Amino acid sequence: MDIKNRYSIELDEIRNYLTDLENGRIYELTGTPGTASCATLAKHLRDNLNSLLNKIEKDKPSVAEIAAELSQKM
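Going by this note's numbering, the residue at position 60 of the sequence shown is 348; the numbering climbs one at a time, nothing skipped.
Rather than coming from a laboratory, the hints here were simulated on the basis of the structure. A couple of the hints might just be wrong.
What the hints assert, rightly or not - Cβ-Cβ distance ranges computed for the label pairs, FRET-style: (1) Leu-341 <-> Leu-309: 18 to 24 Å; (2) Ala-327 <-> Arg-303: 16 to 22 Å; (3) Asp-347 <-> Asn-311: 32 to 38 Å; (4) Leu-317 <-> Leu-358: 15 to 21 Å; (5) Ala-355 <-> Leu-309: 23 to 29 Å; (6) Asp-300 <-> Thr-323: 15 to 21 Å; (7) Asn-342 <-> Tyr-315: 25 to 31 Å.
To be verified - PhoX-like, lysine-lysine: derived pairs with alpha carbons at most 20 Å apart: (8) Lys-331 <-> Lys-343; (9) Lys-343 <-> Lys-292; (10) Lys-346 <-> Lys-292; (11) Lys-292 <-> Lys-361.
Owing to the predicted nature of the structure, the values given are computational and were not obtained by experimental measurement. Even glycine gets a Cβ: it sits at the ideal position worked out from N, Cα and C.
Just need the whole structure built from these sequences, with the hints factored in.
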């Protein structure tokens with residue numbers, strides 16, 4: 289199973305949070321309303337990683353697979 293391709297949307301979301309941290313796009317540094325705080329980004333990362341691991345361990349469908357299935361039903 290190619291996990292990187294199957295769960296690419298989930299992994300991209302995690303990468304985006306990490307990129308925000310790397311580039312200092314956090315409320316504590318920018319003071320910009322709508323920018324996540326460090327604590328919020330940490331919670332999102334923890335939740336997303338736990339969700340992704342659960343999907344992999346239980347062979348649950350990815351977001352892309354669910355979207356493809358829904359679009360076929362339309």
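The hints, checked one at a time:
1. A hinted range of 18 to 24 Å for the beta carbons of Leu-341 and Leu-309 is consistent with their spacing of about 20 Å.
2. For Ala-327 paired with Arg-303, a C-beta distance near 20 Å keeps the hint of 16 to 22 Å intact.
3. Taken as a hint, the range 32 to 38 Å holds for the pair Asp-347 and Asn-311, whose Cβ atoms sit roughly 34 Å apart.
4. In this structure, Leu-317 and Leu-358 break the distance hint of 15 to 21 Å, their C-beta atoms being roughly 39 Å apart.
5. Distance hint check for Ala-355 and Leu-309: the Cβ-Cβ separation is about 27 Å, which falls inside the suggested range of 23 to 29 Å.
6. Taken as a hint, the range 15 to 21 Å holds for the pair Asp-300 and Thr-323, whose Cβ atoms sit roughly 19 Å apart.
7. Taking 25 to 31 Å as the suggested C-beta distance range, the pair Asn-342 and Tyr-315 conforms, at roughly 29 Å.
8. With a CA separation close to 18 Å, the supplied pair Lys-331 and Lys-343 stays within the 20 Å bound.
9. Our distance criterion of 20 Å between C-alpha atoms is met by Lys-343 and Lys-292, whose separation comes to about 13 Å.
10. Under the criterion of a C-alpha separation no larger than 20 Å, the hint pairing Lys-346 with Lys-292 is consistent with the structure, at around 16 Å.
11. Between Lys-292 and Lys-361, the direct Cα distance comes to roughly 26 Å. Violation of the 20 Å bound is thereby established for this hinted pair.
When the structure is compared with the earlier hints, violations turn up for hints 4 and 11 and for no others.
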